[in-house]
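**Q** Taking the hints as your guide, dock the two standalone chains into a single complex.
So you can see what is in the structure, the chains are spelled out below.
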Amino acid sequence: MAKQYKSLHPVKYYRDYLSHNIRPDGREFDEFRPTLLNVGTIDTADGSAISKLGRTTVVCGIKAEFCKPKAETPNKGFIVPNLELSPLCSPKFRPGPPSDQAQVLTQLIADIIENSHCIDLKDLCIFPDRLAWCLFVDFVCLDFDGAVVDACILALMGALQTLCLPSVDYDPALDNKLVNLEKRISVPVHSTPISTTFTIFDDKIILVDPTVDEENLCSGILTIVLRGDEICSLHKPGGSPLTDEDLSSCIEKCKQRATSIKDLIKTVVKDYNNK
Amino acid sequence: MESPQFSCKLGVLSRPDASVIFCEGETVVMAGIYGPIEVKMQKMLIDKASVECNYRPKRGLPGVEDKLYESLIRNICDTALVTSLYPRSAILIALQEMHNSGQLISCAINAACLVCLESGIDMKFMFGAVTCFLTNQEELRLMPPISDSAVKASFVFVLDNVKERILASHTEGSFSMEQYEEAQDLSRKQIKNVFAFFKKTLNSGKEM
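Each protein sequence line maps, in turn, to chains Z and C. The opening position of the first sequence corresponds to residue 1 in full-length UniProt numbering, with each subsequent residue numbered one higher. The opening position of the second sequence corresponds to residue 1 in full-length UniProt numbering, with each subsequent residue numbered one higher.
Check each hint, because a few of them may be wrong.
Within a straight-line C-alpha distance of at most 27 angstroms, the following computed DSS-like cross-link-like pairs (lysine-lysine) qualify [unchecked claim]:
no.: 1; chain 1: C; residue 1: K189; chain 2: C; residue 2: K124
no.: 2; chain 1: C; residue 1: K48; chain 2: Z; residue 2: K12
no.: 3; chain 1: C; residue 1: K163; chain 2: C; residue 2: K48
no.: 4; chain 1: C; residue 1: K189; chain 2: Z; residue 2: K204
no.: 5; chain 1: Z; residue 1: K204; chain 2: C; residue 2: K124
no.: 6; chain 1: Z; residue 1: K12; chain 2: Z; residue 2: K204
no.: 7; chain 1: C; residue 1: K152; chain 2: Z; residue 2: K122
Hints are computed from structural coordinates only; laboratory data are not their basis.
Next comes chain C alone, as it looks inside the complex (with noise of 0.2 angstroms):
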């Protein structure tokens, strides 16, 4: 089955402490992570890392549905992130939408995963996501279909490293709860790319 290719660089920006460029398929996301640093007081947590999160869409201001994306990264963040070693700071997420084709929340989070990787800040797991389409014609893809009305339903997965449990999922449109599953397995397929291309990436240095 065609999957999305992938391809990031490192080290983009100068100011934060790390940031990554990354593409999914024809989609592209920039991100960027401080942390730990000072932290604001009504957000001080006395025994963890407050992990905020910015999402900033390609034009405009941030709406009600890009705050949904917002919270959903940032939960996941502060999963994987240990933040009980960094008490009384914060970690900022930044994240700026470069180009979407469909992939836009996968691409996000799994730059999210890239820049909390590269920033050295202690993690317990990777996480990775993938989103899987079902067209139509029933018929489930990783490739986003050239029109958004071919599109029946499309389905996020947000899997971790060590068992492939699922730490989140996001779902648009209805299905049955066989295509579901489908979809979940083809997932599963499809996320050991994301945690390979993560690991190659880290290992050879700079750029992919």
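If we strip away everything but chain Z, and leave its shape as in the complex, we get (with noise of 0.2 angstroms):
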């Protein structure tokens, strides 16, 4: 009966289950799902990761690419980031060129990627003005179940810390380079962005780490960045306003968070480098 009701009145349904203080799949508004993370999981690319919030599941890839750099910015290389929703992962997805959804949600990590400073553009450059690496950052949701973007920064953090770059001897008088890829060096990460999505549902009930479900049927997504005290995105991309109570409550919840995920982040990371 109450998968009818679910998907004849799915606003009641909610409702319902919020006026008792607990969600439909039994969180309390503020509880997180099940956050998994594993790192180095592609031996085809250069760092990797799986994360998973849930159900929903985001697999990340980095390859690196020879490329020239720009002539304004001689000594920097540069991070290309992009995110597929491809059919698999949800309905709301058709195949072909990528969606308005995936193309806003590729900009958004973009800006929180350049905003948090997590890699130095500049370590990145091989010789100025001649050589630099061009990261391409991979994004493939498997499974559309909300807060892809917290997932995705998650991937992305686990894949740059096992990124592992072949060193690479220049002769800019023979424009000569010779790869070496039994010598590998990791790239210095400089900061760990962490992601926390809350959904506002009925214009009061702040709800954290929302389902896909409470995302399409509440009236507000809100995405806090946070790298260490400092926030690098506070990204409310319209729906029901927002008190500064509770803005400020979100920004508590996403700085536990924040410390959490550091610790899980760091402890895949340790297993993976004593394997």
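**A** Here you go:
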């Protein structure tokens, strides 16, 4: 019966649960879903990770290619993120060119990478004005079940921590490059941005780490990205208005979340390096 | 504190239901609105109007970054307009960047609000946007610094005119919690000027 009720009156179904201070999946309002991270999953990539938030699954792979730096920034490399929302992950998406949502999320991730300065683009330069690394950071969403940005940022951090680039000997006079695939060096990661998504239900109830149903039925979404004590992105793309107190409590929750996620990344990367 | 000057001209185009050219400081955006108009089958909503936004940069084709602005403005308009009054129809907002000197997003949002007001489509509230800049010297200001490299962070706040709550927020660069709150207070002060300008414009007729 509950199943029919859910599909006929989805909003009422949610309201009934929320009025008893519980969500349909049994979580409290401020409870996160189980979070999983696995690093170094793809051998053919230079750095990779899989992250799961409940059922949301994102695979991140980083491939490095040579490129020529831009003339205006001769000592900087590039990072090019791209999120693929394939028809596999949700019936909302069709094959073909990236949907609007995929483009919006890709840009959001690109902004977070830039604002958090987690990778110094100068570290990617091999020889000024001649040769630099271009990191293609590809995200593939396997299961689209809400809070995809959070899963992407977590996977990105895992992948960056395990990123190893081959060492290159570059001879500028002859324009000759010698790639040593055996000798690999890791790229310094300067900060760990942690993203947390909230939804506003019926203009007043705030739910953390929403599932896709909650995202579709809610009246507003808020994504906060923290880097240590600093905020590096506070993105609220419209939706119902939020008071200052609610916003501060969200940031507070985000801070607690950041500590536990950082520990998770640290443990996972340590295990991987010891292997 | 120095704040950007506003100016605008309504009804600059003949085909849209309403149009405006809006200047915030040196930044200029042109906006037009069609609505309620016929809707494409796949975008039809049975209980409300579907709001679409179309944002064009100054040159070239719209890129991924422009899509982000587009979705931001679409979401804000969707919340502010009483879409349930126009079921099975579409409201199309077209925006064209004319000149960018820093406050592009807030200027586009303000232009979108003015054009919604001018079109006579019912709205729940007015909305306005303010851009604040945090310079490398940790100083908050409303005017964009001359060079981009002098900006540590920038904040865009979209507020409603009823309770001045935050409808949308977009930030660039990193900053502390206190700085975010300071920027919020500053934008609350400035938003009053924005709404005052909107009211003055609509009361006084066509040209400001």
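**Q** Hint numbers the structure violates, sorted upward?
**A** none
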